[in-house]
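A.B. asks: Sequence:
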Amino acid sequence: MTRKALWIPALWTTVALTVGCTIGCTTVSRVRINNPMLVGHVEANQVLIGEGNTEAYHAIPSGSLTDEASMLSYAPDGACFGVTLRSLDSNWTDVSSFDISLEADGQPLPEPTFDPQQPTAQSFNGLVPEQRQTGTETVCTYTDARTQICGRWETRPVYTTVMVPGILTVTTGGGRLCFGNNGAITPSTNLLALEFANTGIAVQRFVFEWELVGDPPAQPAQPQVFASQ
Numbered sequence: 036m037t038r039k040a041l042w043i044p045a046l047w048t049t050v051a052l053t054v055g056c057t058i059g060c061t062t063v064s065r066v067r068i069n070n071p072m073l074v075g076h077v078e079a080n081q082v083l084i085g086e087g088n089t090e091a092y093h094a095i096p097s098g099s100l101t102d103e104a105s106m107l108s109y110a111p112d113g114a115c116f117g118v119t120l121r122s123l124d125s126n127w128t129d130v131s132s133f134d135i136s137l138e139a140d141g142q143p144l145p146e147p148t149f150d151p152q153q154p155t156a157q158s159f160n161g162l163v164p165e166q167r168q169t170g171t172e173t174v175c176t177y178t179d180a181r182t183q184i185c186g187r188w189e190t191r192p193v194y195t196t197v198m199v200p201g202i203l204t205v206t207t208g209g210g211r212l213c214f215g216n217n218g219a220i221t222p223s224t225n226l227l228a229l230e231f232a233n234t235g236i237a238v239q240r241f242v243f244e245w246e247l248v249g250d251p252p253a254q255p256a257q258p259q260v261f262a263s264q
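Residue 122 in the numbering used here sits at position 87 of the sequence shown, and the numbers go up by one each step.
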């Protein structure tokens, strides 16, 4: 595979993509940096996955629910990442509730070690849904099978959901994830994909990606042996 030249400027962020929302959503966000093994250090590389629709629905500040991941180290013995998860549901900020995997060019790495950070909570003035009765309706609750005439009617309340001022609490969790190297992390690696998946009742899957660019060193020339004449 032909490698790209070293990328200048170092950081380029793609637009996050959300797919598969009929049953469950998969959100992918990516940054492009130089391969740390080629430049000797890890460049700025924060990957963000936002929840703009949810923030707008509840009228809370933009970025309040943004998830973040950054590569902290990338070396022959493995790679480490700092992860921050934010949600109105504290269950979604508990890293242990997710199946976590890291792939390098499609090759899975070993299970990670995890050093959690202490969860925090922050309250915002926003909007919360509330059900209110807006009227009544009369419905048939029994129909005579022979005559197909309704034999009993009932009046029931009709409700609608409205947004009213309220307090919303955003929980922040996360920590440090480290993966050992099984040979997949090299100066030639093109793409790292860190995936969080929760396949419970509410399917949630999101992927932080790092596109690594740069030309790896050429293979050293093999010694040539010439026969003496």
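None of these hints come from the bench; they were simulated from the model.
Please note that the accuracy of each hint is not assured.
Said to hold, decoys possible - Pairwise CB distance ranges (calculated):
1) G98 / G186: 15 to 25 Å
2) D150 / E172: 53 to 63 Å
3) L73 / P200: 23 to 33 Å
4) S158 / Q81: 39 to 49 Å
5) P200 / L83: 26 to 36 Å
6) G141 / G75: 41 to 51 Å
Every residue, glycine too, gets a C-beta built ideally from N, C-alpha and C.
A.B. asks: Compare the structure with the hints numbered earlier in the document and write down the numbers of the violated ones, lowest to highest.
C.D. replies: 1, 3, 4, 6
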